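J.: For the sequence shown, the numbering used here gives the first residue as 3, with consecutive numbering after it.
Quick caveat, the hints were computed from the structure, so don't treat them as lab data. Predicted model, so just to flag it, every value in this text is computed and none were measured. Hints may contain errors.
Distance windows between CB atoms, simulated [stated by the list, open to error]:
| id | residue 1 | residue 2 | range |
| --- | --- | --- | --- |
| 1 | Thr-55 | Thr-88 | 38 to 48 Å |
| 2 | Thr-151 | Phe-178 | 33 to 43 Å |
| 3 | Gly-47 | Gly-83 | 50 to 60 Å |
| 4 | Gln-130 | Ser-177 | 28 to 38 Å |
| 5 | Gly-147 | Glu-187 | 29 to 39 Å |
| 6 | Thr-151 | Phe-30 | 32 to 42 Å |
| 7 | Gly-83 | Leu-156 | 25 to 35 Å |
| 8 | Arg-131 | Ala-206 | 24 to 34 Å |
| 9 | Arg-180 | Arg-141 | 31 to 41 Å |
Cross-link-like lysine to aspartate or glutamate pairs, in silico, EDC-like; alpha carbons within 16 Å at most [as the list claims (entries may be wrong)]:
| id | residue 1 | residue 2 |
| --- | --- | --- |
| 10 | Lys-74 | Asp-92 |
| 11 | Lys-74 | Asp-99 |
| 12 | Lys-56 | Asp-31 |
| 13 | Lys-74 | Glu-103 |
| 14 | Lys-176 | Glu-187 |
| 15 | Lys-176 | Glu-190 |
We treat Cβ as the ideally placed atom computed from N, Cα and C, and that holds for glycine.
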Amino acid sequence: MKHRAGSPPDTAALLLRAARAEFAAHGFDGASVRAITRAANTNLGAITYHFGTKQALYEAVLSDALQEVAAKVAVAALQSGRGPLTRVGDVVRVLFDHFGERPELPRLMLQALASRQGPPPAVAAHLQRLLSALTQLVRDGQGDGSIRTGDAELMGLSIISNPLHLNIVRGPLKSFLRVDLADAEVRERVIRNAVHFVRGGLAAPREGGV
Numbered sequence: 003m004k005h006r007a008g009s010p011p012d013t014a015a016l017l018l019r020a021a022r023a024e025f026a027a028h029g030f031d032g033a034s035v036r037a038i039t040r041a042a043n044t045n046l047g048a049i050t051y052h053f054g055t056k057q058a059l060y061e062a063v064l065s066d067a068l069q070e071v072a073a074k075v076a077v078a079a080l081q082s083g084r085g086p087l088t089r090v091g092d093v094v095r096v097l098f099d100h101f102g103e104r105p106e107l108p109r110l111m112l113q114a115l116a117s118r119q120g121p122p123p124a125v126a127a128h129l130q131r132l133l134s135a136l137t138q139l140v141r142d143g144q145g146d147g148s149i150r151t152g153d154a155e156l157m158g159l160s161i162i163s164n165p166l167h168l169n170i171v172r173g174p175l176k177s178f179l180r181v182d183l184a185d186a187e188v189r190e191r192v193i194r195n196a197v198h199f200v201r202g203g204l205a206a207p208r209e210g211g212v
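Required output: the full structure, derived from the provided sequences and hints.
T.: Here it is in structure tokens:
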């Protein structure tokens, strides 16, 4: 949810921002409505007024968070004039940049994907858009011979898996390996390694290779 420059965010936007952090930290069941409204500096009835229910607020948070990243990935994956493997690197970088701006998003995405009920329809649509763009990117590479043969959907999913995982475990990375993704130089080193790793896994074998 975006606002005009210089204008204060409205109550619904404040609730979304507070709920994004609360749901990411505690999941749907563990999230506290009271904590969300307190962080948004509003009253308990604000969620009912703007969203209806806690479930509806959760779905709005997921949809708002995933819509933007799906759009950014689609632009990077499907841009013309750049080879498929170059676009793979672009997508990896876009994901790291977006997760850096929205550190709660990786956990929210994992929650949506791991839910027994599956993601809500609106959320599923954003996830499908993201996966479709990555699948088409892989097919483009398979078409020009730069990406190895295989299941294009699963290979497309592998493009997002590395950035998603590394951002989910950013706390342990910092604590145990002293890899701090908040440090610009360290983050750039991690991104370059991720680009190399993902592109290397997808690249078609060279003549005489395996």
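J.: None of the hints should be skipped; say for each whether it holds.
T.: Now the hints, each set against the structure:
no.: 1; hint: Thr-55 with Thr-88: 38 to 48 Å; verdict: holds (45 Å)
no.: 2; hint: Thr-151 with Phe-178: 33 to 43 Å; verdict: holds (37 Å)
no.: 3; hint: Gly-47 with Gly-83: 50 to 60 Å; verdict: holds (52 Å)
no.: 4; hint: Gln-130 with Ser-177: 28 to 38 Å; verdict: holds (35 Å)
no.: 5; hint: Gly-147 with Glu-187: 29 to 39 Å; verdict: holds (36 Å)
no.: 6; hint: Thr-151 with Phe-30: 32 to 42 Å; verdict: holds (40 Å)
no.: 7; hint: Gly-83 with Leu-156: 25 to 35 Å; verdict: holds (27 Å)
no.: 8; hint: Arg-131 with Ala-206: 24 to 34 Å; verdict: holds (26 Å)
no.: 9; hint: Arg-180 with Arg-141: 31 to 41 Å; verdict: holds (40 Å)
no.: 10; hint: Lys-74 with Asp-92; verdict: holds (10 Å)
no.: 11; hint: Lys-74 with Asp-99; verdict: holds (10 Å)
no.: 12; hint: Lys-56 with Asp-31; verdict: holds (10 Å)
no.: 13; hint: Lys-74 with Glu-103; verdict: holds (13 Å)
no.: 14; hint: Lys-176 with Glu-187; verdict: holds (14 Å)
no.: 15; hint: Lys-176 with Glu-190; verdict: holds (15 Å)
Violated hints are absent here; each numbered hint is respected by the structure.
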